[in-house]
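Asks: Sequence:
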Amino acid sequence: MRSSPWILFVVLSLVAWLVPGAPAQGTPPGDRPLEIPSDYKLGPEDVISVVTRDVPELSGDFLIRLDGKFTMPIIGDVEAAGLTVTELKYRLEQALRRELREPQVTVNVKQMRLNRVYVLGAVGRPSIIDYRPGWRLTEAIAAVGGLANLPERLRALVIRGGKTTVVELREIFIDGKNESNLLLQPGDVISIQSDATIRVNILGPVGRPGLVTILEGQGIVEALAAAGGESERAALTKAKVVRRGQEIPVDMYAAVKKGRTDLNLKLEDNDTIIIPEVTARIAVVGQVKQSGAQVIPDGREWTLSQAISNAGGPAPGAKTDGVTIIRQTPEGKVERININYRDIIANKPGAVDPVLQDRDVVFVPQSGKAGTGEISSVLGLMLFPLRFLGF
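If you're matching positions, the sequence shown starts at 11 in my numbering and goes up one per residue.
These are calculated hints, taken from the structure and not from any lab test. Built from N, CA and C at the ideal position, the CB exists for glycine as well. Heads up, a few of these hints could be off.
Per label pair, the in silico range of CB-to-CB distance [said to hold, decoys possible]:
| hint | residue 1 | residue 2 | range |
| --- | --- | --- | --- |
| 1 | Met122 | Ala235 | 46 to 54 angstroms |
| 2 | Glu178 | Arg108 | 21 to 29 angstroms |
| 3 | Ser319 | Pro340 | 24 to 32 angstroms |
| 4 | Glu257 | Asp140 | 55 to 63 angstroms |
| 5 | Pro66 | Arg253 | 23 to 31 angstroms |
Work the whole structure out from these sequences, hints included.
Replies: In structure tokens:
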């Protein structure tokens with residue numbers, strides 16, 4: 011008697027259901043290894059399945075991080091980006107030979123990464139963006155809000171398959187070099203980095219005293235500019251840099267005003283620049299329009315004609331051919347130097363415009379008077395220089 015085909019189908023189905031391990035319903039789709047090309051390069055966000063024979067604690071699913079690595083027990087961090095599954099299998103077996111005898115490892119891709127590009131660092135909105143075919147660096151940067159600093163101070167690190175390419179963004183945005191505007195690929199990581207900076211402290215008569223930030227490799231000139239420049243009271247010639255307890259004298263006047271690049275001392279992080287105030291002063295009294303004390307500008311010679319001009323010039327009735335410079339010598343004596351100021355402003359041959367010294371007093375007498383009494387008064391005032399010279 012022949013069996014009914016329907017009965018045979020039922021019997022075979024029951025056998026398949028009762029036999030242990032029989033894949034009656036098939037392997038769940040989520041556990042099946044993906045079919046990928048043999049030359050597929052692993053990258054960030056790929057999920058891989060690693061099976062180490064007879065060692066379940068060394069088996070499992072692992073996510074490849076943005077840095078191109080994943081962490082595996084015993085071995086630690088493993089560089090996977092840029093490798094095929096075959097190459098990764100060999101690398102894992104070599105690493106495990108220190109702990110296991112003849113380890114056998116199987117590597118499969120369980121979940122492929124999405125087509126994304128990662129843009130990090132000095133941009134408007136660091137984020138993960140969907141890759142678009144044909145995109146270059148500039149399109150990816152624009153998609154995340156553009157650069158957060160000047161392009162000449164930025165560089166892009168393009169990380170692809172475990173390799174890093176450095177691109178100076180000045181070449182793209184300023185020099186217009188199209189070859190530097192790299193064509194992107196899915197999975198690229200773009201890190202926009204600024205030039206290294208240092209912080210230094212600047213004290214004294216400057217626009218904004220305190221901490222300033224400058225680029226690594228810059229010096230005292232750039233630090234002064236970052237602090238808003240110096241005031242007229244700044245003694246740049248007497249500045250110093252304090253570094254790890256040591257004082258380094260610096261002529262900031264020559265570096266800033268005369269362009270002496272060889273004197274632009276390169277600064278280090280946490281350096282302190284100290285700029286004292288100018289203390290050298292003179293006074294102009296007598297028949298001038300604005301008598302009083304004057305600061306001798308730092309780093310410059312201050313002549314008699316400059317001092318009188320700075321005092322508004324001679325007043326009407328001034329005896330310009332009898333100007334007297336009253337000077338105290340290092341020995342404490344007082345000397346009087348008579349000058350014909352009229353010859354100086356007339357540029358007469360042989361007339362010398364004398365350079366004044368700290369604490370000189372210029373006396374311009376009144377015409378028709380000997381001025382002896384007035385000079386005596388000035389000599390008396392010189393006994394009190396703090397008030398007389400404006401200290």
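Asks: Please list, smallest to largest, the hint numbers that this structure does not respect.
Replies: Numbers 2 and 5, in rising order.
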